[in-house]
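Student: Make a model of the complete structure from these sequences and hints.
Read off the chains here:
2 protein chains.
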Amino acid sequence: MTERIIIKEVSARDGLQAQPKHLSVEQRQRLIASLVKTGVPEIEIGSFVSPKAVPQMAGTDQIAAALPETAAEYSALVPNMKGYELALKAGIRTHAIAISATEQMNQNNIRKSLAETFTMAEDILVRAREDGVAIHVYLAVAFECPYEGKVSPATVLEQAAQLMRNEPARLVIADTIGAADPASVRSLMNECVAQFGTDVLGCHFHDTRAMALANVYAGIESGIRQFDSSAGGLGGCPFAPGAKGNVATEDVVSMCEQMGLDTGVDIPALLESVKVLSELMESPQGGRSHYWLNNNWQKISRDHAA
Amino acid sequence: MTERIIIKEVSARDGLQAQPKHLSVEQRQRLIASLVKTGVPEIEIGSFVSPKAVPQMAGTDQIAAALPETAAEYSALVPNMKGYELALKAGIRTHAIAISATEQMNQNNIRKSLAETFTMAEDILVRAREDGVAIHVYLAVAFECPYEGKVSPATVLEQAAQLMRNEPARLVIADTIGAADPASVRSLMNECVAQFGTDVLGCHFHDTRAMALANVYAGIESGIRQFDSSAGGLGGCPFAPGAKGNVATEDVVSMCEQMGLDTGVDIPALLESVKVLSELMESPQGGRSHYWLNNNWQKISRDHAA
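As you go down the protein sequences, you meet chains E and W in turn.
Note that full-length UniProt numbering has the first sequence beginning at 1, numbered continuously upward.
Note that full-length UniProt numbering has the second sequence beginning at 1, numbered continuously upward.
Quick caveat, the hints were computed from the structure, so don't treat them as lab data.
Hints are supplied without guarantee of correctness; some may be wrong.
As the list makes no split between identical chains, a pair holds if one copy fits it or if it spans any two.
[As the list claims (entries may be wrong)] Within a straight-line C-alpha distance of at most 30 Å, the following computed BS3-like cross-link-like pairs (lysine-lysine) qualify: (1) Lys21 / Lys52; (2) Lys299 / Lys150; (3) Lys112 / Lys299; (4) Lys89 / Lys37; (5) Lys89 / Lys275; (6) Lys275 / Lys299; (7) Lys37 / Lys299; (8) Lys89 / Lys52; (9) Lys52 / Lys82; (10) Lys112 / Lys37.
Tutor: Below, the structure written as structure tokens:
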């Protein structure tokens with residue numbers, strides 16, 4: 001029996017949220033419609049944040065109200081209880097909440113202390129259980145913080161244990177600034193798996209230092225089976241040329257499928273999504289394997305079928 | 001004590017040998033001089049092949065005759081006994097010989113049968129022992145052959161065992177067409193390490209499918225400590241835009257150093273080599289991490305010192 005890798009496609013949220021080019025609701029719907037066709041099991045559709053703070057995500061409620069029918073699980077990022085209420089009202093049943101592992105990142109990012117952020121997360125987790133809403137908790141900057149430097153695995157494990165008390169549907173260890181290396185991933189995820197098991201865990205990597213795919217492999221070696229990725233590798237700081245964003249879905253899919261792990265993602269449909277994204281962004285998008293994959297995707301499929 | 005990773009820098013050979021732009025002897029000497037300054041422990045300076053067949057490598061004897069003094073080990077590729085004699089005469093004391101793991105690759109590449117190639121390798125190994133010359137044997141297309149498809153690990157292990165009888169200084173398992181994935185690397189290199197130990201083994205990866213750095217990590221996990229790489233990721237087929245060549249030295253160095261493995265390579269000097277290479281090739285060169293590293297190399301050094 002082929003083992004399954006669950007990919008959450010985040011281009012419509014993490015991919016778009018910091019781009020200088022803002023897409024309209026209709027354009028984001030076109031992206032999501034193309035992602036639905038790939039067969040990817042989870043799609044993050046946007047975030048319920050203030051449109052003043054993040055204009056790129058304005059109208060996520062409109063998108064939520066008219067999502068195409070699919071077997072894929074839709075989710076949205078909610079920054080706080082207000083966002084939770086909005087997402088719930090919009091019919092979203094899987095919410096992502098992000099907590100930074102360091103005091104300074106929480107202060108700089110959302111002007112809350114570490115303690116306040118944890119209280120907020122706990123309040124949302126308790127409330128979500130009453131509502132039957134699934135929560136994916138993201139522990140952000142879990143390897144390194146741009147303000148405080150390296151984050152100790154002991155801190156992450158303690159915070160993870162605290163969050164697990166309120167039973168999130170998933171706990172995602174997030175390398176928000178792309179500073180992890182495969183040895184650090186292997187070591188931290190081994191510990192997390194030992195404490196919490198694989199089913200509840202996920203990983204979220206950025207490709208800043210070109211190690212994201214190696215980090216995904218390290219995560220797989222530790223037993224992780226749930227990964228975030230973004231079609232075309234969209235995401236991250238768009239003002240740094242050559243500095244890549246999220247690990248690209250096509251890179252994760254092709255590596256996993258070639259290794260005999262089933263992602264359920266149709267590669268030609270995914271390449272079509274990247275094409276749609278390139279049109280919408282008016283600039284060529286594509287992960288590290290994009291060029292090769294465009295001309296050779298049959299080889300991956302054949303490998304997998306064999 | 002920090003563990004050591006031995007990098008053989010192959011840009012001056014594997015990097016240049018298939019480029020449409022041919023460098024002069026003086027230009028190649030400038031590249032090698034800049035590589036010497038990086039502290040990389042091994043530098044492949046070219047190959048002793050027919051200049052009619054590979055004009056990019058013409059004059060390797062002139063380069064060999066005027067190499068800068070350094071602690072680095074120089075080596076050259078020799079295609080056959082004639083090349084061996086030429087390299088020996090030119091003063092090269094470490095020779096690389098390449099044998100393909102499949103019948104068809106040997107036929108198409110050097111018009112010899114698999115059996116003939118092994119006999120040639122054995123003759124060179126016997127002769128080299130008399131001369132006190134170190135031989136690095138490359139087992140090419142060890143994961144997949146462009147003509148015969150996947151190569152079974154059993155075949156590779158059998159061929160490796162046969163070659164080991166004549167005691168090469170190193171046996172390099174080479175993913176010549178960049179078709180390996182980290183699971184296949186891990187599995188094959190585990191077997192190789194179990195049979196031959198880590199000291200004699202090396203790996204050579206191409207980044208065609210964007211998995212080269214993940215493959216290096218998988219090799220490290222299997223115990224491999226010797227890797228080929230090319231400054232700027234130069235190499236491979238230059239006619240396929242976006243299709244990368246050899247795994248980039250800067251990507252391997254930054255990953256290893258961040259994981260606390262000592263490569264002995266000075267990152268700013270390496271980035272200078274990539275700059276030299278860009279000037280010589282008249283097109284921008286650079287590995288996957290190049291942009292980030294150019295602006296942030298201090299972070300890697302700090303990480304390593306910690």
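Student: A separate judgement is required for each hint: does it hold in the structure or not?
Tutor: Hints, verified against the model:
In this assembly of identical chains, the alpha carbons of Lys21 and Lys52 lie at most 30 Å apart only when taken from the same copy (15 Å versus 52 Å across copies). In this assembly of identical chains, Lys299 and Lys150 lie within 30 Å of each other by CA distance solely across copies; the values are 11 Å between and 40 Å within a copy. Proximity of Lys112 and Lys299 under a CA criterion of 30 Å is satisfied inter-copy only: 28 Å between copies versus 49 Å inside one chain copy. Taking CA atoms no more than 30 Å apart as the test, Lys89 paired with Lys37 passes inside one copy only; the shortest distance there is 26 Å, against 63 Å between copies.
Taking the shortest Cα distances, Lys89 and Lys275 never come within 30 Å of each other, neither inside one copy (33 Å) nor across copies (55 Å). Proximity of Lys275 to Lys299 under the C-alpha cut-off of 30 Å is restricted to the intra-copy arrangement: shortest distance 20 Å within a copy versus 35 Å between copies. Taking the shortest Cα distances, Lys37 and Lys299 sit within 30 Å of each other inside one copy (21 Å), while across copies they are farther apart (41 Å). Taking the shortest Cα distances, Lys89 and Lys52 sit within 30 Å of each other inside one copy (20 Å), while across copies they are farther apart (73 Å).
In the homo-oligomer, the alpha carbons of Lys52 and Lys82 lie at most 30 Å apart inside one protomer (15 Å), although the nearest pairing across protomers, at 72 Å, exceeds that limit. Taking the shortest Cα distances, Lys112 and Lys37 never come within 30 Å of each other, neither inside one copy (39 Å) nor across copies (48 Å).
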